[in-house]
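Below are the chains, spelled out letter by letter.
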Amino acid sequence: MLCAFKVKSLEEKNGMKVALAVWNGRISPVFDVSRNLLVIEVKDCSIVERIEVHFSSDQAMHKVRRLMEMEVAVLLCGAVSRQLAATLEANGISLYAFISGDVESVIGEYLKGRLPSPGMSMPGCRSARRRKREKFRGKKVKI
Amino acid sequence: MKQSISPQAAATILDSISDGVFTIDENWRISEFNRAAENITGISWQEAIGRPCWEVFRASMCEVECAMRRTMDTGRPVINRSGFIIDADGQRIPVSVSTALLKDEAGSIIGGAETFRDLSEIETLRKELSGKYQIGDLVSRSPAMRQIFELLPQVAASTSTVLLCGETGTGKELLARAIHNMSPRSGKPFIAVNCGALPDALLESELFGYKAGAFTGANRDKPGRFAQAHEGTIFLDEIGDISQALQIRLLRVLQEKQVEPLGSTSPVATDVRVVAATNRDLEKMVEKGEFRQDLFYRINVIRIDIPPLRERKEDIPLLADHFVSKFNRIQGKSVQGVDAEALARLMAHDYPGNVRELENRIEHAFVLCSNGWIQPGHLPEGIGRIEPSEIGQKNFHEAVNAFEAHLIRDAMRENHYNRLKTARRLGIHKTTLFRKMKSLGIEFPEADGRSRAEG
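Chains as they are written, first to last, in my numbering: chain A, 154 to 296; chain B, 30 to 484.
Read the hints as simulated data drawn from the structure, not as lab findings.
The beta-carbon is built from N, C-alpha and C at its ideal position, and this holds for glycine as well.
It is possible that some hints are incorrect.
Among the chain B residues that face chain A by a calculated CB cut under 7 Å, a handful are [stated by the list, open to error]:
id, residue
1, ARG87
2, VAL184
3, SER187
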């Protein structure tokens, strides 16, 4: 469910608020515990406003409520628990989850309609199957 | 003496460890990832290698209190720090994490090693041992209630209408409140309306409101409960008791998301989540034509059946403790709990009034007991008790008769001498009840409960 990203047309993005969970200039690894958001307002495929928002609590409902209050339509984030993802989607927030990379590159790809992209997805999303392990891997380590 | 080993041997050793292990290089990129790490995270070795550790491990501590960062900064290992990770399926996995530095032969730091243990099973066992699942005032250890508790976050997250079914006193309103409090609407009003408590005309104006001049005495506008619950949740208790006419109006509100106050010419948009509840069998009512099928389907989107207390008696000790703590807090007393004999009596009772009845009985005991333990003498009369004098030295048939008479008298008292309710409570037909009463010489008091409303 979480890996099946939604593809949105460029037209849909006009005049809407997109939030990114951010950490050190990158997409925050776990949205469930991330505290900082960058909210951008996108019109005609360009950014007309940027706001930084801080969550005062890690509570899932607090986050969902804040996003709804800010009228955020799309959330770009890293890993997110199923429960929180379901809550976000049930409240009409489109989710691009398990995104990785630096914030500006992610915004750029999003504006070009290129998300999700394999280069900006966290590992484990594309295949849950275990692949054959290679032998003789790794560096020499001292035990 | 330290000895270097081949990469192949190191990989084999790492794979033989049941805890997840990964190592990072000086750029925080994964350089090793053992088999257990693959299993716990759901991420393959190939996908993990070379990626930043936070993208692979995805732990609750990555952002703020990274254990590895601490080890790098202080040079000291971190042992068994608790947190959770999010695996490839989006599941939260509780883990304990330990970290250490990796150094080359010259003693220079070349990265770090992190081991993590999946605590899911331990967490489940811990919950089972404490056996306590609690949401607000709802406390349970029964599997049926546990399923409800586990389902609740998803129910709360959705915007669908919920139908709560259960006998009176099972905690339908508590559950509705829990759903509201866990939902994104929690900052908005929760409005509870008992549909069975008001006559039809009054209920209509109560639910939808009225405009000034709508009827004699309506001097000013009054917002209805739907308007009060705007952006929040409305709890419609005893939904099975509303009239056919009101059912149609309610259906329109649910379908069109608009309410029309009495005397108003234009509808008002409403954004309300509806949680309905009933202790009646709505499906049977639909079959009999007493409840509209379309409304039934509209409210029966998510249905939760709350089991009666007699079907989850294992909850009685837990609930008794919960209520003792609650009344100690409210009444400033220091009752330690319910003693074994009193608890046995509480357990022997069938609770037609369910959790509410148990709460009332504990409250009753608090009147007589200020500290120490609640004993049988503190409990109300007729609670799980058969007086020895009722059985005495009687033979088998007499003892059975005494037991039946005791059950019937108890049921009569609890149902305010309403014959039909008494029969239902005992699970027998009312003619069987009359026959038994006649043979046992039990009489209804003159002022019986026949005139009472059924519920």
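Handout entry: Hint validity - B:SER187 Cβ closer than 7 Å to any chain A Cβ
Key = Status holds, d = 5 Å.
Problem - Minimum beta-carbon distance criterion (7 Å), B:VAL184 to chain A - result: 10 Å, violated
Practice task
Under 7 Å, Cβ to Cβ, is where B:ARG87 needs to be relative to chain A, so tell me if that hint holds or is violated.
Solution key: 4 Å, holds
Hint 2 from the list above is the single one not met by this structure.
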